[in-house]
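2 protein chains.
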Amino acid sequence: MAMFDIKTYLKEKRELVDSYLKSYFETPSEPSILHEAMRYSIFAGGKRIRPILALASYEACGGEPKDIIPYASALELIHTYSLIHDDLPEMDNDDLRRGKPTNHKVFGEAMAILAGDALLTEAFYMIANTNPPSRGRDRVGGSSDMKINPSSLIKIIHDIAISSGAYGMVGGQVLDILSENTKPDIDILHFIHLHKTAALITASVRMGPILADSDEDTLKALTRYGENIGLAFQIIDDILDIEGNAKELGKSSGSDKKKMKMTYPSLLGVEGSREKAQDLIAEAINVLRIFSSKADPLREIAHYLIKRRS
Amino acid sequence: MAMFDIKTYLKEKRELVDSYLKSYFETPSEPSILHEAMRYSIFAGGKRIRPILALASYEACGGEPKDIIPYASALELIHTYSLIHDDLPEMDNDDLRRGKPTNHKVFGEAMAILAGDALLTEAFYMIANTNPPSRGRDRVGGSSDMKINPSSLIKIIHDIAISSGAYGMVGGQVLDILSENTKPDIDILHFIHLHKTAALITASVRMGPILADSDEDTLKALTRYGENIGLAFQIIDDILDIEGNAKELGKSSGSDKKKMKMTYPSLLGVEGSREKAQDLIAEAINVLRIFSSKADPLREIAHYLIKRRS
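Going down the list, the sequences are from chains A and B. Residues 943 to 1252 (the numbering used here) make up the first sequence, in order. Residues 943 to 1252 (the numbering used here) make up the second sequence, in order.
Okay, chain A solo, but in the shape it has when bound (with noise of 0.2 Å):
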């Protein structure tokens, strides 16, 4: 693996993700605003972090990626969703993202609520799909001839719905507006991003395992690497928003500051939220050291969160 570039390899899998994703939403559909919406946030540029996760850590329990594309691009579409209604007037009021106008913005805050709920159950349904369905038409890209257990099917269901709704995802969103211009404190923000980052990012993690049938060792180790690179990925998120520029992050800098957000660098300083997070990704990396070479790709995406630019 000396050769191993991971730019490479994320430039694979994401192109993976997309001609997926591009396959599945490309067939037209009524009512057609709809489903422009919902295309026009999914290939809004997302760097597809959470499905190539779940290829990764597939292939680090013996897997062969390509045989989970539709779980794990399920795991775009609820990400997506939750960055439409995140950036809602309602919310967090954002006009850009990614560099490009927020949903809302080009759409009308209706049918981008309309568009993220839409969203979030097409998930669900793009997992149950690949289960021959008895009803409903059959989509490009769908997957018929994969043999994955229903029951595992069931269990990254319950893991997905459990680490997006109340008591994952949302929960977390819930509580960081209701934390804005609070005193900052760090209990308080460790829930918010563990349940607002984390939480779906080790769904994502724990995807791999549970497709591929692993021992409870082994989804207890992606487990705890699943946690420690989403509240490093939300830290570095943090300092980024700081240091970062518009053009780097598609968004105004220091825009969580001006909201009064809670963050990392708030309450420990760039320097220290910076080694936080090294110790998480150290805490990650340490904690594959069951694994084979076949973790590499997880190894690596852990070094490269921390040293991202965007």
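Keep in mind that the hints were calculated from the coordinates and are not lab data. A hint or two may mislead.
Intra- or inter-copy, both count: the list cannot distinguish identical chains.
[As the list claims (entries may be wrong)] SDA-like, lysine to any residue: derived pairs with alpha carbons at most 25 Å apart:
(1) Lys1203 x Glu972
(2) Lys1203 x Ile975
(3) Lys1089 x Asp1155
(4) Lys1203 x Glu978
(5) Lys1162 x Arg1231
(6) Lys1125 x Ala1052
(7) Lys953 x Pro1092
(8) Lys953 x Asp1157
(9) Lys1125 x Glu1051
(10) Lys1008 x Leu952
(11) Lys1125 x Ile975
(12) Lys1089 x Ser961
Just so we're clear, the structure is a prediction, and the values are computed from it rather than from any experiment.
Please arrange chain B on chain A, whose structure you already have, making use of the hints.
Showing chain B alone in chain A's frame:
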């Protein structure tokens, strides 16, 4: 079945569902305001028609209704989320629902959007959690002793997701919004009602034969029953909106007209609409002819729906 009393049947089944939902939602959780917002709308007086239809169709297929309560109850979470989002100022802008202030009037718009998101997500969790989960808190009312085939669960998730998302309820809501103040057209109205209302009602009815592993003819008959009563249900709603009073409907009567919404009465007149609903109910009961007396609750529900006053 001469003594069969539909009101008693509906009351008993509603209590089964309410009792499950009460124990499911009683565990205190953080952030408490989010869970309070979710509970507010779940316990705002819904008639639990969708869960009851699932229980009755399972019974028609030879099953024991109490064995599928969590799956049936998940339908109510999806229905409730759709009401919360539909009532938002950006959508139908309703202040009252079943005589009570709508979710966003009590908790604010951000929380209403998030409570809806959480309920939609929780519906899939509720279904997947009945297969013994590998993680997450065990909530009261769980049912790990249930032995429904995981591939049947995948099928109902598939069915519910396609009926609720872009190809079902959300798609119908989008066209409903788009068609306000446009020229009334029976084909568009049919599309709206079929998607916005009938799709999830049909999925509710189809839950029975899918979980009972019934044959294709049974599934087809119940699908037609569901589509027919689903459309009739919406037509009666439209009529009640005109004829009803605020007390019975829990919202200002004539609110559709004020918004220039396309309705059956505006296209066919009240009498024409009532005839249309009666034809649909007759057809629904006709397709049940292949069933024994076990389908009597479904037959009586069809009669009941057209006679209801609220």
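We went through each hint and held it up to the structure:
Within a single copy, Lys1203 and Glu972 get their C-alpha atoms only as close as 39 Å, which misses the 25 Å cut-off; across copies the closest is 19 Å, which meets it. Taking the shortest alpha-carbon separations for Lys1203 and Ile975, only the inter-copy value of 19 Å comes in at or below 25 Å, while the best intra-copy value is 34 Å. Proximity of Lys1089 and Asp1155 under a CA criterion of 25 Å is satisfied in both settings, with 13 Å inside one chain copy and 20 Å between copies. Only between protomers do Lys1203 and Glu978 lie at most 25 Å apart by alpha-carbon distance; the minimum there is 24 Å, versus 32 Å within a single protomer.
Taking identical chains as interchangeable, the C-alpha atoms of Lys1162 and Arg1231 lie at most 25 Å apart only when both belong to the same chain, with a minimum of 13 Å there against 53 Å between chains. Taking CA atoms no more than 25 Å apart as the test, Lys1125 paired with Ala1052 passes between copies only; the shortest distance there is 21 Å, against 33 Å inside one copy. With identical chains, the CA atoms of Lys953 and Pro1092 are never at most 25 Å apart, being 30 Å at best within one copy and 35 Å at best between copies. When the C-alpha separation of Lys953 and Asp1157 is checked against a cutoff of 25 Å, the pair qualifies neither within a copy, at 30 Å, nor between copies, at 46 Å.
In this homomeric assembly, Lys1125 and Glu1051 come within 25 Å of each other (Cα to Cα) only across copies, at 24 Å, whereas the closest approach inside a single copy is 31 Å. For the homomeric pair Lys1008 and Leu952, the shortest alpha-carbon distance inside one copy (14 Å) is at most 25 Å, but the shortest distance between copies (49 Å) is not. Within a single copy, Lys1125 and Ile975 get their C-alpha atoms only as close as 42 Å, which misses the 25 Å cut-off; across copies the closest is 19 Å, which meets it. Taking the shortest Cα distances, Lys1089 and Ser961 sit within 25 Å of each other inside one copy (21 Å), while across copies they are farther apart (38 Å).
Violated hints, listed in ascending order, are 7 and 8; each of the other numbered hints is respected by the structure.
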